[in-house]
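Novice: This is what each chain is made of:
2 protein chains.
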Amino acid sequence: MSESIRISVDAMGGDKGPRVAVEGAYLFWRERKNTTYIFHGRESELAPLVAEFPELGKVSRIVHCDNVISMEEKPSQALRKGRGNSSMWAAVQSVRDGEADVAISGGNTGALMAMSTMCLRPIEGISRPAIAAIWPTLRTDIIVLDVGATVGGDAKQLTDFSILGAALARALFDQDLPTVGLLNVGTEEMKGHDEVKEAARILSAASGEGFVYHGFVEGDDIGKGTVDVVVTEGFAGNIALKTAEGTARQVGTYIRNALKADIISMIGAAIAGQALEALKRKLDPRNINGGVFLGLNGVVIKSHGGTDEIGFKGALGLAYEMARNRVMDKIAEGLRRFPTLNAAPAPAAAPEPEAKPA
Amino acid sequence: MSESIRISVDAMGGDKGPRVAVEGAYLFWRERKNTTYIFHGRESELAPLVAEFPELGKVSRIVHCDNVISMEEKPSQALRKGRGNSSMWAAVQSVRDGEADVAISGGNTGALMAMSTMCLRPIEGISRPAIAAIWPTLRTDIIVLDVGATVGGDAKQLTDFSILGAALARALFDQDLPTVGLLNVGTEEMKGHDEVKEAARILSAASGEGFVYHGFVEGDDIGKGTVDVVVTEGFAGNIALKTAEGTARQVGTYIRNALKADIISMIGAAIAGQALEALKRKLDPRNINGGVFLGLNGVVIKSHGGTDEIGFKGALGLAYEMARNRVMDKIAEGLRRFPTLNAAPAPAAAPEPEAKPA
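Chains as they are written, first to last, in this note's numbering: chain A, 1228 to 1585; chain B, 1228 to 1585.
Same shape as in the complex, but just chain A (with noise of 0.2 Å):
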């Protein structure tokens, strides 16, 4: 593969300043050689940063910028502070003015999707963008989507993000009919919100263009990879996601705590030392780091705040394989087979430029 990737990178958000961002990108360039990056923030800062790595200096510029979103502001605060102004703004925009194919950032989720939003605005045909999560499973690494987005989801949302999901794991898993499913509760009859099951009803009929509608799952379906794509409204969705989260932190606690509980525990965990690091690493979030915004015209990546650089080079490596594996053309695709039951089909239309903002 030798065409380049240009990666628009907001270098100031994050917890930990914009070292995170550049040493992130230097270690993910050193994998990845036909990477190119714009890196929005303050040169003052960022001159010195890159300027620790000369090879990276060579395939990147700087776009200076001084404002920088906090991660306590409110999205409407931060579009009203930001918009057009902002490094997070910028690194949206890189790809809206196709500089970059991909952006990312590390700074408050709520304001980078209202940015997002704004700037690249939603794809004709989809109403609301969603954040997908990479998640692992006991089978292969799945999609969840919507996980915080957007709260509540009509059948047509649902449908939609069900369209985004097979187009992401196409994309990213090289699936010709990726399995979707509709997260649901599992008490027959009682199952689920009127709009799941309208979106069963649709999806159902359409199965068979771009994935194939595997029906409702559960909550303990996501760990099992049941699903290549589970699809849910961003409420119970971000749920679910920091739910599992906090779960794997308790049983890695819980497994910390037995294996220094007496001296045998510690000799006999100290042996199995290497298995017990490899599983470390499995459950390491560093490893699977990002959020992906779909439903926009272009691809924004979201990376943990509180990583660092190799979580920042694990969220670059999503994006890279974004932009790689051409997902804005997989969903466009998607958007043209899907025989949508209460929208007309989308046309595959270029969205109208929008006036750049003052």
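Honestly, the hints are just simulated from the structure, not real lab data. Wrong hints could be hidden among the right ones.
Since copy identity is lost for identical chains, a pair holds within one copy or between any two.
[Said to hold, decoys possible] Keeping only pairs whose Cα atoms sit at most 27 Å apart, straight-line, the calculated DSS-like set for lysine-lysine is:
id	residue 1	residue 2
1	K1451	K1301
2	K1418	K1451
3	K1243	K1451
4	K1308	K1418
5	K1418	K1243
6	K1451	K1424
7	K1507	K1487
8	K1418	K1383
9	K1243	K1285
10	K1243	K1260
11	K1507	K1451
12	K1285	K1260
13	K1285	K1308
14	K1383	K1487
15	K1451	K1487
16	K1424	K1383
17	K1260	K1557
18	K1424	K1301
19	K1243	K1308
With the hints as your guide, set chain B onto chain A.
Specialist: Same frame as chain A, but now just chain B:
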């Protein structure tokens, strides 16, 4: 404690037949001799089983009932077929008729909830029952409700669940002022459905009356044990519960695989065996088996359908604690105290007796 606790058992519920219930009761009785049992089900099957445990025979009686609700039956079918004449219905009716202090079944959750609601009816002032889970966390066990009784729920229901959950925490954990949190998503501004925000307003105003309102909590706060009672509607709660179960199983599988990866790891695991055994017990779902139906004029415990006699014994332990600690009185007290903002204070009057079904 010499007071006797009378437990009504649907002996035909569960996937593994009546032996689980009868043997589970015997195992529990050996630990708590102040218990007596009514076994509802087919006498021809139950009598020989009870005869295997002569001591149990002295503290129990069998109430014959031919009709058994299957695990596959829909709640409405189950009601039509089994109202008044199934082992499940009869088990609940013993509580209504004052013959037992608590009922337990390992049968079909939806059917059990439908029958319990029809037979016992909601407490005056409570609009809908909830299923509460006792959730092990890094701090201590906590209560999460609703984990699947009802999809959706308005602010009134969420505040009802807070009263019910707090009463359960006071009964089970002997806490005077349990902390209550509303499950929500993390992103500022998109925070929650309107009903969650409205419930937060009501609970803030009422905080200090039987519980302390902590504020919003997220999915990962459950495993941390941030609050004593996590309140949510049944869709999100069920997904959180199942996702946590799935994640715990997933991590458990990783551990087993890691420790079997090579001979060195196996030796290490053998040496650390005792600690790993303790961990396994901690993660054993049989030890935390049982959902509590709350909000009805009587307490019903749902044991997991697939559990064995050890798991059923665990669920009996929960039933015992509920009765011994007078959770019904604590709920009535909570309702009297709670200055509910959108309903008149509920009188603590006894419910009208319902006509016996034909």
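Novice: Could you run down the list of hints and mark each one as holding or not?
Specialist: Checked hints:
In this assembly of identical chains, the alpha carbons of K1451 and K1301 lie at most 27 Å apart only when taken from different copies (26 Å versus 36 Å within one copy). For the homomeric pair K1418 and K1451, the shortest alpha-carbon distance inside one copy (21 Å) is at most 27 Å, but the shortest distance between copies (29 Å) is not. Taking the closest pair of Cα atoms, K1243 and K1451 come within 27 Å of each other only across two copies (24 Å); inside a single copy the shortest separation is 34 Å, beyond that limit. For the identical chains of this complex, K1308 and K1418 are inter-copy neighbours only, at 21 Å across copies versus 44 Å inside a copy, given an alpha-carbon limit of 27 Å.
Taking the shortest Cα distances, K1418 and K1243 sit within 27 Å of each other only across copies (25 Å), while inside one copy they are farther apart (44 Å). In this assembly of identical chains, the alpha carbons of K1451 and K1424 lie at most 27 Å apart only when taken from the same copy (23 Å versus 34 Å across copies). Both within a single protomer and between protomers do K1507 and K1487 lie at most 27 Å apart by alpha-carbon distance, with minima of 16 Å and 15 Å respectively. Taking the shortest Cα distances, K1418 and K1383 sit within 27 Å of each other both inside one copy (18 Å) and across copies (22 Å).
Proximity of K1243 to K1285 under the C-alpha cut-off of 27 Å is restricted to the intra-copy arrangement: shortest distance 25 Å within a copy versus 68 Å between copies. In this assembly of identical chains, the alpha carbons of K1243 and K1260 lie at most 27 Å apart only when taken from the same copy (26 Å versus 59 Å across copies). Taking the shortest alpha-carbon separations for K1507 and K1451, both the intra-copy value of 19 Å and the inter-copy value of 20 Å come in at or below 27 Å. Proximity of K1285 and K1260 under a CA criterion of 27 Å is satisfied intra-copy only: 11 Å inside one chain copy versus 79 Å between copies.
In this homomeric assembly, K1285 and K1308 never come within 27 Å of each other (Cα to Cα): the closest approach is 33 Å inside a single copy and 76 Å across copies. Taking the closest pair of Cα atoms, K1383 and K1487 never come within 27 Å of each other, the shortest separation being 51 Å inside a single copy and 46 Å across copies. For the identical chains of this complex, K1451 and K1487 are inter-copy neighbours only, at 20 Å across copies versus 29 Å inside a copy, given an alpha-carbon limit of 27 Å. For the identical chains of this complex, K1424 and K1383 are neighbours both inside a copy (12 Å) and across copies (25 Å), given an alpha-carbon limit of 27 Å.
Proximity of K1260 and K1557 under a CA criterion of 27 Å is satisfied intra-copy only: 25 Å inside one chain copy versus 66 Å between copies. Taking the shortest alpha-carbon separations for K1424 and K1301, only the inter-copy value of 17 Å comes in at or below 27 Å, while the best intra-copy value is 34 Å. For the identical chains of this complex, K1243 and K1308 are intra-copy neighbours only, at 22 Å inside a copy versus 63 Å across copies, given an alpha-carbon limit of 27 Å.
Comparing the model with each earlier hint shows violations of hints 13, 14; every other hint is respected.
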